[in-house]
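Start from chain A and add chain B according to the hints.
Just so you know, the sequences run in chain order A and B. Under my numbering, the first residue of the first sequence is numbered 5, with each subsequent residue one higher. Under my numbering, the first residue of the second sequence is numbered 5, with each subsequent residue one higher.
Keep in mind that the hints were calculated from the coordinates and are not lab data. Honestly, I wouldn't trust all of these hints.
Since the list gives no way to pick one copy over another, a pair counts as held whenever it fits inside one copy or between any two copies.
What the hints assert, rightly or not - Taking lysine-lysine and the DSSO-like style, the derived pairs with C-alpha atoms no more than 27 angstroms apart in a straight line are:
(1) 81 with 206
(2) 206 with 251
(3) 249 with 206
(4) 230 with 81
(5) 81 with 251
(6) 206 with 230
These are the residues of each chain, in order.
Number of protein chains: 2
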Amino acid sequence: MTYCVGIRVQQGLVFAADTRTSAAFDDVRIHSKMHVFEFPDRVLVLLSSGNLATTQTVLARLACDAENEASGLRSAKHLFEVAEHIGQTLVAAQQLVANNNSPNPVNVEATLVLGGQIRGEQPALYLIYPLGNWISASPETPYVQIGESKYGKPILDRIVRSATTLEDAARCAVVSLDSTARSNLSVGLPFDLAIVRTGELKIAQTLRLEADTPLYVEIRDTWSRKLEHAVHSLPRFAWETDAAKIKSA
Amino acid sequence: MTYCVGIRVQQGLVFAADTRTSAAFDDVRIHSKMHVFEFPDRVLVLLSSGNLATTQTVLARLACDAENEASGLRSAKHLFEVAEHIGQTLVAAQQLVANNNSPNPVNVEATLVLGGQIRGEQPALYLIYPLGNWISASPETPYVQIGESKYGKPILDRIVRSATTLEDAARCAVVSLDSTARSNLSVGLPFDLAIVRTGELKIAQTLRLEADTPLYVEIRDTWSRKLEHAVHSLPRFAWETDAAKIKSA
Numbered sequence: 005m006t007y008c009v010g011i012r013v014q015q016g017l018v019f020a021a022d023t024r025t026s027a028a029f030d031d032v033r034i035h036s037k038m039h040v041f042e043f044p045d046r047v048l049v050l051l052s053s054g055n056l057a058t059t060q061t062v063l064a065r066l067a068c069d070a071e072n073e074a075s076g077l078r079s080a081k082h083l084f085e086v087a088e089h090i091g092q093t094l095v096a097a098q099q100l101v102a103n104n105n106s107p108n109p110v111n112v113e114a115t116l117v118l119g120g121q122i123r124g125e126q127p128a129l130y131l132i133y134p135l136g137n138w139i140s141a142s143p144e145t146p147y148v149q150i151g152e153s154k155y156g157k158p159i160l161d162r163i164v165r166s167a168t169t170l171e172d173a174a175r176c177a178v179v180s181l182d183s184t185a186r187s188n189l190s191v192g193l194p195f196d197l198a199i200v201r202t203g204e205l206k207i208a209q210t211l212r213l214e215a216d217t218p219l220y221v222e223i224r225d226t227w228s229r230k231l232e233h234a235v236h237s238l239p240r241f242a243w244e245t246d247a248a249k250i251k252s253a
Numbered sequence: 005m006t007y008c009v010g011i012r013v014q015q016g017l018v019f020a021a022d023t024r025t026s027a028a029f030d031d032v033r034i035h036s037k038m039h040v041f042e043f044p045d046r047v048l049v050l051l052s053s054g055n056l057a058t059t060q061t062v063l064a065r066l067a068c069d070a071e072n073e074a075s076g077l078r079s080a081k082h083l084f085e086v087a088e089h090i091g092q093t094l095v096a097a098q099q100l101v102a103n104n105n106s107p108n109p110v111n112v113e114a115t116l117v118l119g120g121q122i123r124g125e126q127p128a129l130y131l132i133y134p135l136g137n138w139i140s141a142s143p144e145t146p147y148v149q150i151g152e153s154k155y156g157k158p159i160l161d162r163i164v165r166s167a168t169t170l171e172d173a174a175r176c177a178v179v180s181l182d183s184t185a186r187s188n189l190s191v192g193l194p195f196d197l198a199i200v201r202t203g204e205l206k207i208a209q210t211l212r213l214e215a216d217t218p219l220y221v222e223i224r225d226t227w228s229r230k231l232e233h234a235v236h237s238l239p240r241f242a243w244e245t246d247a248a249k250i251k252s253a
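Bound conformation, chain A alone (with noise of 0.2 angstroms):
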């Protein structure tokens, strides 16, 4: 598994990556699943899940295509239509080994997550499915998320908009993923972590947060304490103001 989330505010883009890759309990490996393009005319950041062969082949070809001016990467005009030029990439990719018929079934789909700027367009962030399609992220919903998305999905959903600050965004992206990491064994440490800043055309930051990174430590456990005193702070229900009351009384 692996538990990746891209999130675009007007500010630009933030986007988070676990680097577990797993082929089974006993066989888990790091890999980072974040991977940055930066050209003088556009930057793309490409988060990767599903099969990590077919999600190799895919970079290694986009790697070819970032070397050729004429590429679908770097001539097309529209980010959607770099979505559709990866998500043809990856159909190929899964296709290549899709008749190798094996005595074990493998599933060698992948899913990614693309997002970034072009000179001229305004950011854009799109999931693309196994099957090459995409849909894009929408100012109700400013996020895809890709892998085991459920855990690190209600933070999300109460806190990200469209006016919420990047760094805000992004401190949400590392709650979200350390909601999943701790409830889903196949994500886990080290976080990749990085920002886009509308208009710039470039990574503004990067970020890998290990278990004994300091700002990590501090986030996870300023985390946990801000939600205790969140759920105390709630409302009372009624009995407990009545008890209040009879003991005041």
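Frame of chain A, contents of chain B only:
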């Protein structure tokens, strides 16, 4: 789908359940999934998920048992024996229809939560599987969930400990249900809440929360506001403090 959660803290037990049952998107109804049995020497609360015909069969049989002092429900000395009795009732209900082959296979399994207290014992909390076997909540994992459990799990993991007050645990349960209902259409209002205080051998409080119940509205709004505040109060990234230093210099 369904979402129910039971929590066991030192002060007692919390039970919370949604009420939506759905055979399909266009076949949605409201049924209580919380079932209470009170006797002078014991209190039992059952939460149900899965096939509604199965859970109603189980409940109908347990209601008969409740009239008979010698039944497993009333005569068992230990709560785990009640769990086993209910587990056997569940298996029997499933087996009733197991061989009625249909061209459209239907999953007739159900999963239950049993919590309560029998005089002379501490309160206890069990998850009863379709096989009729069970697991117990533990001091390290003081809750059990059935149905759509993922969205509402992080808040429980971060907050609920054995020392948490009964009311804070109940507030957590409401937030956990609310998070789930936001993300899974098959989980829906109204929510049922019940509380058992250690040693009382009866239901201390029950509550039904509708969409317009002032307490529920207030909990939901306060939670979103507090969470936003919590995110905003998380540690700054290095580049934010650097930028602040430059500004103030």
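Hint check results:
no., hint, verdict
1, 81 with 206, "within (17 angstroms within a copy, 68 angstroms between copies)"
2, 206 with 251, "between (62 angstroms within a copy, 23 angstroms between copies)"
3, 249 with 206, "between (60 angstroms within a copy, 24 angstroms between copies)"
4, 230 with 81, "neither (45 angstroms within a copy, 42 angstroms between copies)"
5, 81 with 251, "neither (70 angstroms within a copy, 37 angstroms between copies)"
6, 206 with 230, "neither (34 angstroms within a copy, 34 angstroms between copies)"
Hint compliance for this structure: hints 4, 5, 6 are broken, all remaining hints hold.
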